[in-house]
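Trainee: Keeping their order, the protein sequence lines are chains A and B.
Remember, this note's numbering sits 295 above the position in the first sequence when you count from 1.
Remember, this note's numbering sits 295 above the position in the second sequence when you count from 1.
Calculated from the structure, these hints are not laboratory results.
Among these hints, one or two may not hold up.
Copies of the same chain are indistinguishable here, so a pair counts whether it falls within one copy or spans any two.
In silico SDA-like pairs for lysine to any residue, Cα to Cα no more than 20 Å straight-line [as the list claims (entries may be wrong)]:
1) LYS450 <-> GLU578
2) LYS450 <-> GLY325
3) LYS450 <-> ALA322
4) LYS603 <-> ALA354
What you are looking at is a predicted structure, and each value in this text was computed from that prediction instead of being measured.
There are 2 protein chains.
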Amino acid sequence: MAEDRLPDEFTLIRRYFAPLATHPGAAALGDDVALIAPAPGLVHVLKTDTIVEGVHYFADDPAALVARKLLRVNLSDLAAKGARPVGYLLAASFAREMRESWLAEFARGLAEDQRTYGISLLGGDTTATPGPTTLTVTAIGEADAARVPRRSAAKPGHDIYVSGTLGDAALGLRVIKGELRGLSNEDADFLAGRYRLPEPRVALGQALIGIAVSAIDVSDGLVADLGHISEESRVRAEVQRDALPLSRAARAALATDPGLWPDIVAAGDDYEILFTAPSAAAEGIAGITRIGRIVAGQGVAILDPAGKPVEVKTAGYRHF
Amino acid sequence: MAEDRLPDEFTLIRRYFAPLATHPGAAALGDDVALIAPAPGLVHVLKTDTIVEGVHYFADDPAALVARKLLRVNLSDLAAKGARPVGYLLAASFAREMRESWLAEFARGLAEDQRTYGISLLGGDTTATPGPTTLTVTAIGEADAARVPRRSAAKPGHDIYVSGTLGDAALGLRVIKGELRGLSNEDADFLAGRYRLPEPRVALGQALIGIAVSAIDVSDGLVADLGHISEESRVRAEVQRDALPLSRAARAALATDPGLWPDIVAAGDDYEILFTAPSAAAEGIAGITRIGRIVAGQGVAILDPAGKPVEVKTAGYRHF
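One chain only, chain A, in its complex shape:
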């Protein structure tokens, strides 16, 4: 491809973004604003997130995967709140080196996940930047405000649950970096996949409406995210270490190197739903594990089988 620089802004929007604006309120990006209303009785659920090239993803990551992860990370926040995803706005600042072929792949990734989650591009802004490409998504869902689980709603006596398995994404990043050896190809691929492309628990989040009282998605790590609930709810979270759900691949990795333990409880990117509910309320929902309980007090403790707190080294990813 001799010429792979970006076309002018209007061509770029017409070629790559307008076809993604399938919601009638987006007017195919033919206007300055999008008009959307939640379904009767529901409210809009809003979340914004930025990823920066070289910080949150790498220039040689497949562009379609970058697009899909960007959407999914935001949809995960909506999922934890039981919201039905509706669409998103995309503000993109493109680096001077940006190639049209990258953008074409990026748009293809957006289109693929728009189909997967039934969402539409609703609006956007494209600018040039002398710095790294910076991509901001504002995701919009809808939910029944009265039943949205909040960080601040955990109560002593609640059980603590988490969906899926923990630590896979952190271990997967080690696989990708070549730091984790001795795993079967299948296990290594599973872990790397969990890092590369999270699966926001959109359907589960909606199944938990009326069950989950407080909830958050695991993006900073179990201890840090449970810490957010503990802090906002002014309660103490006690987790049984041996109850934590681990994938076969994570068990294999831990068997090789028990020093990887912090990856399970203190690293993020799993994008599972962590929630609390009155005792036994969540029984019968597949794919979730009870991992502990909420008590009076403050802080988060991981307890060994003898009930003794296990020390956890780090407290999740901090941006500064």
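For this one, chain A is given, so just place chain B on it according to the hints.
Mentor: Same frame as chain A, now just chain B:
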């Protein structure tokens, strides 16, 4: 100030952003999402925009002014659609050199304009970037969808109107750059102020509900923005050059150098409302000027008093 680096993310949010989240649906940023609903019968009006340090503003611009301009540019889009502003999400990627004192001033500017426009911070994301500071606002308003003026709704026979005066911001930028001399201090200050801090026509936009049929805010320049209406509506816009509303200061600048004419019609940043309406419909609304009419055809023409098209050199600001 010996130590002026940014505090950690959570401190930063608690100290500067949480106090701005006054809307109950923002839960003082104590949760992952914001919950908001438009008033009964209305829809949400959404718009997103990014500014990059060194591209859209300069590192030594007063931080409070950067904040207010960022909000106002977005509120201007809502204003053109007759929307009542509600709030905004802010995604901020801070450069490594970012100082806390800058951020404190930035937050003060946000607070000031939140009061001016009756809006709230609704949510946000803060990240670090190795590049220039990059700030994205997603603004949210509410409006009656059936009466929102669209780019695509201009019809032959409509009159074309614009609020306020044109070209001041472009001339103001020249004043700031030292390119425009010979003006009185008062005129120079007026023009510079129009560039530094636009005044989105929020009240006028709401007064025009039911009158403006198609509308856009002037951010790319009269010719380019009228071009958007012309293109989306598949009509021709004919503007009388001598009808264009000019401030006293702009007249003075043009008298000194008639070569500045393109600043009036082809430069952006005025943030006035440009709209079309059936003949005479807008009479009686103060502060707006009829500048031309919509006819069958395509394109935009600026006509001299003899009805002859005037050539216009540029077509507004393009980002690539």
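Trainee: Each hint: holds or not?
Mentor: Each hint tested on the structure:
1. LYS450 <-> GLU578: Within one copy only: 18 Å inside, 61 Å across.
2. LYS450 <-> GLY325: between (48 Å within a copy, 16 Å between copies)
3. LYS450 <-> ALA322: between (45 Å within a copy, 18 Å between copies)
4. LYS603 <-> ALA354: Intra 45 Å, inter 52 Å, cutoff 20 Å: neither.
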